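Enquirer: The residues making up each chain are set out below.
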Amino acid sequence: MIGMSKILEKEFITPEVFRMKIDAPDIARKRKAGQFIILRTCDEGERIPLTIADADADEGWLELVVQVVGKTTKFFSRLEVGDSICDLVGPLGRPTHIERYGNVVVIGGGIGIAPSHPIAGAMKAAGNKVISILGGRTKDLVIMEDKMKAASDQIVITTDDGSYGMKGLVTDALQKLIDNGVNVDLVVAIGPPIMMKFVSLLTKKYEIPTLVSLNTIMVDGTGMCGACRVTVGGETKFVCVDGPEFDGHKVDFDEMMMRQRMYVEQEKESMERHCPHNH
Amino acid sequence: MEEEKKLTPRERLKIPPQPMPEQDPKERIGNVDEVPYGYDEELARTEAMRCLQCKNAPCIAACPVEIDIPAFIKFIVDGKYREAINKIKETNILPAVCGRVCPQEEQCQRTCIVGKSRKSIDEAVQIGKLERFAADWEMKQGEAEVPDVKPPTGKRVAIVGSGPAGLTVAADVRREGHEVTMFEALHKPGGVLIYGIPEFRLPKRIVMREVENLERMGVKLERNKVIGKLYTIDELLEDEGYDAVFVGTGAGLPLFMRIPGENLNGVYSANEYLTRANLMQAYSFPETDTPIALVKNVAVFGGGNVAMDSARTALRLGAENVYLVYRRSRIEMPARIEEVHHAEEEGVQLCLLQNPTRIIGDKNGWVNAVECIKMELGEPDASGRRRPVPIKDSEFTIDVDACIVAIGNASNPLVPDTTPDLETNRWGNIIADDETMKTNKRGVFAGGDIVLGAATVILAMGQGRTAAAAINEYLKTDEW
Ligand SMILES: Cc1cc2nc3c(=O)[nH]c(=O)nc-3n(C[C@H](O)[C@H](O)[C@H](O)COP(=O)(O)OP(=O)(O)OC[C@H]3O[C@@H](n4cnc5c(N)ncnc54)[C@H](O)[C@@H]3O)c2cc1C
Ligand SMILES: Cc1cc2nc3c(=O)[nH]c(=O)nc-3n(C[C@H](O)[C@H](O)[C@H](O)COP(=O)(O)OP(=O)(O)OC[C@H]3O[C@@H](n4cnc5c(N)ncnc54)[C@H](O)[C@@H]3O)c2cc1C
Ligand code: SF4
Ligand code: SF4
Ligand code: FES
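Protein sequences, first through last, are from chains A and B. Residue 191 in my numbering sits at position 127 of the first sequence, with consecutive numbering throughout. Residue 57 in my numbering sits at position 3 of the second sequence, with consecutive numbering throughout.
Misleading hints may appear alongside valid ones.
List of simulated lysine-lysine pairs, DSSO-like, C-alpha gap at most 27 angstroms [unchecked claim]: (1) A:K94 / B:K279; (2) A:K94 / B:K417; (3) A:K94 / B:K274; (4) A:K332 / B:K428; (5) A:K96 / B:K279; (6) A:K314 / B:K274; (7) A:K96 / B:K242.
According to the in silico footprint, chain B covers these stretches of chain A (three or more CB under 8 angstroms from chain B) [claimed, not checked]: (8) 153-162; (9) 184-190; (10) 208-221; (11) 251-262.
A few chain A positions that, by computed beta-carbon distances, are all more than 10 angstroms from chain B [claimed, not checked]: (12) S227; (13) L241; (14) G245; (15) C289; (16) Q330.
Hint data in this document are derived by calculation from the structure and do not stem from the laboratory. Model, not experiment: these values are computed from the prediction. Ideal Cβ positions, reconstructed from N, Cα and C, are used throughout, including at glycine.
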């Protein structure tokens, strides 16, 4: 078991975001855009889901792009090339439904840019015109610009503080595209829930079909526990097996955001204990 | 034992059932250690002497795997514990598990002549406890003997799921010399025995030991492999070169009640709650990383073993009030009597003939109360039990900070969904032939909860045995 999922490459993209290549030939062969893995870094560790940001079937690796937010991601960020993670399972979730829609706008907010990358690539390969909007609070948080450029026909960058690209939110950029008469056939939005909520509210107004990728708290990732449940169109869905992508116009984002905060107190305690001075 | 031989049946019938010593209820809710300590030799042999060694022992047929019960009990009387455990293992590879968790009072012990004579099932020969004794004795002797494995046949069998059904198939198929790979979705093997049934009822080292024994026989275990995702059943058969597949994926799909407030924070399925506690060891948080709600007042909905396990786990996680809300009365409770008794002893408060109607949250979206309605029993329903009917306008609320929904599981759809030509019934259970556990798909067998719906360990094992025999036959003859 040990030594199975070795870390092949590691690089910090920003002080809080790192990219890791992991040896996982069987998953690399099977995975499709939109799918994720669950890993455990060590034996006492929590199972955490992470999107497969890239993969190479021939070379047999996966790439993950991870934002340090708490104990597990912090611990993970301290592993080095040559170390192994104790458990890695995937590919999980349903792949993105890829077809030729016409003009597809892919919106990635913050760390959400990483999972939107394979989707942009697959949409482009299917013959869509892909316009990507990358948003971050500030310049340093806009990651993977080059890769997204290569996967898209056009990219637009927004920062909240105007330090890079257009000043404003991703929704402002989307509104501008619509105002400029771009015919948008599909929007794919991945990022903080609040961003996905407002993108969905905007696209609803224009009746543009919208896919969002939800990052609820998970345990098993196989539909066994129900921890990841959300309300979509009035029905309870399990994000790990029914998703992670859903029709953004139907998702109850407020409930989802509330559920994401379920363990904030304990998460703080865990982090505090793990790195008392450093977070 | 000289004096033993002299006992007449009448004298045997006079010996009362030997109770198993147990941890004190007040102490045990402060730890996760096993509740009953097990018999020592003297208790075991006294209990074993109660058996009348009936000629056509009805207890045998009442055990789903037909253990030769009088034979193994006789060996215990004679102090021949090695022979006793070997006798049991002829038909049951998980005696330490079954001795602990089988609903014995509904199976082997229900038909016992001693119980009948003493006019109480509770007074039957304590077959399960004796089975546990023999298994525990063996464990104390060190490593178990590895069963003989026949020379390699060149055939390969994939087993999907490592619960009791999968474990049983693995042993029986491997013994014939076939190569066996067991695929498990989670990071630990054992199925419900690991993630569901709590440590205080079934210590995890017992399950791990059985899995290690299988590995020593040469069974290959692939953890973290979700079939249906990493490989489909068809890919196992066509691309990965397996000659047969056994599907034992269990009933892991939690049912919810579809009442308002069910997605509030603090509302768990029993599967999630127990998985966090057992598999992820949330009871050691923050030494371990997985959190769980640590609250004072907890409501559990349901009346089966799963509900009892959840309620007793909540106590061990520090809850002061644990309410077990069940819509029928005590006699209809599907949980084992012993478990209900243990739960009450530990302080679980039974709220019978009540049903939750709505879960109420605070401004942060966390549960703070549950509204229930009182019920009364009406006419018998299809199951023969009297149907509970709500009493109009009898709603009331209980203050709670967490709710655990333990009303049952449906079958996990991952495999059927990705194997479209595999026949399932309207509940999503895979359809398999009783005699062979063959599905409609050539080379594919299924058994355990994925076929039976949520059932029991021993029934899952029984189907595993049947399937293994048919798999061995199929690999020999290539006839479907
Ligand atoms: C399908 C999916 C894909 C994801 N992809 C990525 C990705 O590519 N890159 C990335 O950086 N993050 C991703 N996430 C989020 C990532 O799983 C969490 O950031 C991580 O679990 C946090 O763990 P922690 O111990 O470091 O932080 P904690 O302090 O434990 O938690 C911080 C926050 O993360 C969330 N979280 C905590 N535990 C879990 C859990 N078991 N499952 C899911 N969320 C949890 C909660 O909202 C919590 O408030 C994804 C989540 C999902 C569901
Ligand atoms: C809390 C609880 C308490 C119980 N108490 C008792 C009791 O006291 N006595 C009793 O007799 N019975 C009890 N039961 C019931 C008993 O545990 C089950 O009937 C039995 O475990 C079923 O065995 P199985 O092998 O069919 O499936 P499971 O034990 O459910 O195992 C199935 C395994 O397959 C894995 N799996 C699922 N899908 C996939 C996939 N696609 N790919 C790979 N692996 C997969 C799962 O992760 C799991 O490990 C209890 C059940 C629960 C939940
Ligand atoms: S396996 Fe279960 S039913 Fe069979 S003898 Fe043992 S306890 Fe009784
Ligand atoms: S029925 Fe009871 S007394 Fe008779 S053989 Fe079985 S266990 Fe012994
Ligand atoms: S994470 Fe357990 S059901 Fe989705």
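Enquirer: Each of the hints needs a verdict: does it hold here or not?
Expert: Right, here's what the structure says about each hint:
1. A:K94 / B:K279: The hint holds at about 12 angstroms.
2. A:K94 / B:K417: 44 angstroms, violated
3. A:K94 / B:K274: Distance of about 22 angstroms is within 27 angstroms: holds.
4. A:K332 / B:K428: 41 angstroms, violated
5. A:K96 / B:K279: 17 angstroms, holds
6. A:K314 / B:K274: 44 angstroms, violated
7. A:K96 / B:K242: Within the cut-off at roughly 26 angstroms; holds.
8. 153-162: It holds, with 4 qualifying residues against the three required.
9. 184-190: Violated - the region 184-190 of chain A has 0 residues with a Cβ nearer than 8 angstroms to chain B, which falls short of three.
10. 208-221: violated (count 0)
11. 251-262: Per the Cβ count (0), the hint is violated.
12. S227: Holds, since 34 angstroms exceeds 10 angstroms.
13. L241: 34 angstroms, holds
14. G245: 40 angstroms, holds
15. C289: 4 angstroms, violated
16. Q330: 4 angstroms, violated
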